[in-house]
Amino acid sequence: MNNSLKPLAFLLFALSICACSGAIQSSGATGIPFSNDVTDAAVMGKWGRSCALCHVNGEAGAPIVGDRAEWQQRLAQGEESILQRVLEGYNSMPPLGYCMACEVSDFRAMIGFMAGNNQ
Amino acid sequence: MKNITRRSFIASGVKAALVGTAAVNSAATAQSTPWSNWSGGQICQPAGRYDIASEEQLIDLLKGTSGPIRPIGSGHSFSPLIPTDGHLVIIDQLSGILDYDSSTLEATIGAGSRLGDLGAALEEIGQGMFNLPDIDRQTLAGATATGTHGTGVSLQSLSGYITSLRLVTPEGDIRDIDASDGDLFDAVRVNVGALGVVTQIRMQNRENYKLRKREWAAPTEDILANFDELAASHRHFEIFPRVYSDYSSVLSIDETGEPIGQTIIPDEDVASIEPQPLGPNPSPLERLNYNNARAANTQLTEAVDVSYKLLSNLRNTRFNEMEYSVPAAVGAECVREILKTIYDQAIEVAFPLEYRYVSPDAPWLSMAYGDEPHATISIHRVASEDYNPYFDIMEPIFWKYGGRPHWGKLHSLGHRELSQLYPRFKDFMEIRESLDPNGRMLNQHLKNLFDA
Numbered sequence: 006m007n008n009s010l011k012p013l014a015f016l017l018f019a020l021s022i023c024a025c026s027g028a029i030q031s032s033g034a035t036g037i038p039f040s041n042d043v044t045d046a047a048v049m050g051k052w053g054r055s056c057a058l059c060h061v062n063g064e065a066g067a068p069i070v071g072d073r074a075e076w077q078q079r080l081a082q083g084e085e086s087i088l089q090r091v092l093e094g095y096n097s098m099p100p101l102g103y104c105m106a107c108e109v110s111d112f113r114a115m116i117g118f119m120a121g122n123n124q
Numbered sequence: 002m003k004n005i006t007r008r009s010f011i012a013s014g015v016k017a018a019l020v021g022t023a024a025v026n027s028a029a030t031a032q033s034t035p036w037s038n039w040s041g042g043q044i045c046q047p048a049g050r051y052d053i054a055s056e057e058q059l060i061d062l063l064k065g066t067s068g069p070i071r072p073i074g075s076g077h078s079f080s081p082l083i084p085t086d087g088h089l090v091i092i093d094q095l096s097g098i099l100d101y102d103s104s105t106l107e108a109t110i111g112a113g114s115r116l117g118d119l120g121a122a123l124e125e126i127g128q129g130m131f132n133l134p135d136i137d138r139q140t141l142a143g144a145t146a147t148g149t150h151g152t153g154v155s156l157q158s159l160s161g162y163i164t165s166l167r168l169v170t171p172e173g174d175i176r177d178i179d180a181s182d183g184d185l186f187d188a189v190r191v192n193v194g195a196l197g198v199v200t201q202i203r204m205q206n207r208e209n210y211k212l213r214k215r216e217w218a219a220p221t222e223d224i225l226a227n228f229d230e231l232a233a234s235h236r237h238f239e240i241f242p243r244v245y246s247d248y249s250s251v252l253s254i255d256e257t258g259e260p261i262g263q264t265i266i267p268d269e270d271v272a273s274i275e276p277q278p279l280g281p282n283p284s285p286l287e288r289l290n291y292n293n294a295r296a297a298n299t300q301l302t303e304a305v306d307v308s309y310k311l312l313s314n315l316r317n318t319r320f321n322e323m324e325y326s327v328p329a330a331v332g333a334e335c336v337r338e339i340l341k342t343i344y345d346q347a348i349e350v351a352f353p354l355e356y357r358y359v360s361p362d363a364p365w366l367s368m369a370y371g372d373e374p375h376a377t378i379s380i381h382r383v384a385s386e387d388y389n390p391y392f393d394i395m396e397p398i399f400w401k402y403g404g405r406p407h408w409g410k411l412h413s414l415g416h417r418e419l420s421q422l423y424p425r426f427k428d429f430m431e432i433r434e435s436l437d438p439n440g441r442m443l444n445q446h447l448k449n450l451f452d453a
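Line by line, the protein sequences give chains A and B.
Position 78 of the first sequence, counting from 1, maps to 83 under our numbering, and the rest follow consecutively.
Position 141 of the second sequence, counting from 1, maps to 142 under our numbering, and the rest follow consecutively.
Among the hints, a few may not be true.
[Claimed, not checked] Some chain B residues close to chain A (C-beta under 10 Å, calculated; not the full set): (1) Gly41; (2) His77; (3) Arg138; (4) Thr318; (5) Ala384.
[Claimed, not checked] Some chain A residues flagged as far from chain B (calculated, every beta-carbon gap over 10 Å): (6) Arg54; (7) Val61; (8) Gly63; (9) Pro68; (10) Ile69; (11) Glu75; (12) Gln77; (13) Leu80; (14) Ala81; (15) Gln82; (16) Ser97; (17) Glu108.
Hints were generated in silico from the structure; no laboratory data involved.
Every residue gets a Cβ at the ideal spot worked out from N, C-alpha and C, and that includes glycine.
This is chain A alone, in the form it adopts within the complex (with noise of 0.2 Å):
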């Protein structure tokens, strides 16, 4: 992932994910923890429903999905620290995001993805 790929353009990539059912392999970085695969599409509509809201244009002061540099220092903090804030809510961002469905294992993929570690 490009570091300055515009969020509308990222949306329509993630959604293009969603569109369909074809395998796109982790890159397997490194140092990162949250690396599940993005390619399924059940996750990714959750991610179009929810997180898209706000981490597409950064409302309210969210990272924006594929902005490396963003994640990389909210990652540094740790892997529950990080859900911990997902599920309780953290400054403007409610608990869960907006994803009444989603499970923790959605939001461990949704956080890789949006830190672009699957690029």
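Go by the hints and put chain B onto chain A.
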């Protein structure tokens, strides 16, 4: 959930989910992620989640499973409508505009659609919703189920604009319900998620339109004394009475044909003028003087945009809220008593109140049900703070003026009081009993509401 803190509850859920071991408490054996509402004030450990992709899936689920379920929109209700140790039913895949009629200006909408996604979609077909609430992250199903409303003495709650809807009953049967169904129609339009799962809603809309929004500050007493006239002379008119202050923020919104843009921009030099800062532990009088000085620097702003962009906005600060409606004739008196009580008891709160009128409404459980307009009054508390001490003092004031609670906001009333406040409440209870005799849709909060 009384014996453990919210933080330890969620932390234990995270731990269980991460290591994939034992459940977080003895009542739940599933590994489903703990649920919390938007504010974080309501939590539960559901047995699982059903992420519904179609009506057929929903019907199969309801016919093929047993046990308690709670349908959920976006989790924006502050009241405990959702917490369950059964299953959550998520409907946000049932979304989008399914059908529309350009001659009647109606649109059939997937009930899981978020209000914020509907504005642009409706604009594309030349339609706009008559009104919207302050926050547009809610689903249409959730907003209408709780009687959510916007501002405007001539504008009904969102539920008032429903012309038909599809309900999948707790037994998995489809019911398409409209005005020809009489009482059932008036019961189901504000249903508190207790009658089944709503999958489609047909809304009466209007042609799309632009609005001009003006915001300024004015003495609260001046506005309250003329509120009826002001409310009648604007499409939307509301105030945010500031606590420890003689002033309110004032908001008027009217239809316009003017070009889109920021038409009056505040002078930054004036806006940046701040009075002498308050010292530690200021007295109510010191706060009053400080806030009045700040209000004097508040300038008029004005903007024009398409309706859905001006009626709702994003809330960056999470909070808990209590909202009651009272007959419009006593609304100003109720606001005065709340402001005076905050001042006299030196209650530590910074959030302003919100005060507005809504039109008489036909759905039985609408806050404005009946023949007269109602004033709605909201109080807020930052989500990280305990709301109980403040709300416990305020709630009896609402009761004194005949207040009816908003279903999605915090209140402590049960079926006895509610039966006195909502003339058709017992009729609603009978319909609920007939549609869900086994109480599958009920959690403890709804059992208290409906004596079930």
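Worksheet entry | Structure versus earlier hints - violations, ascending order | 6, 16, 17
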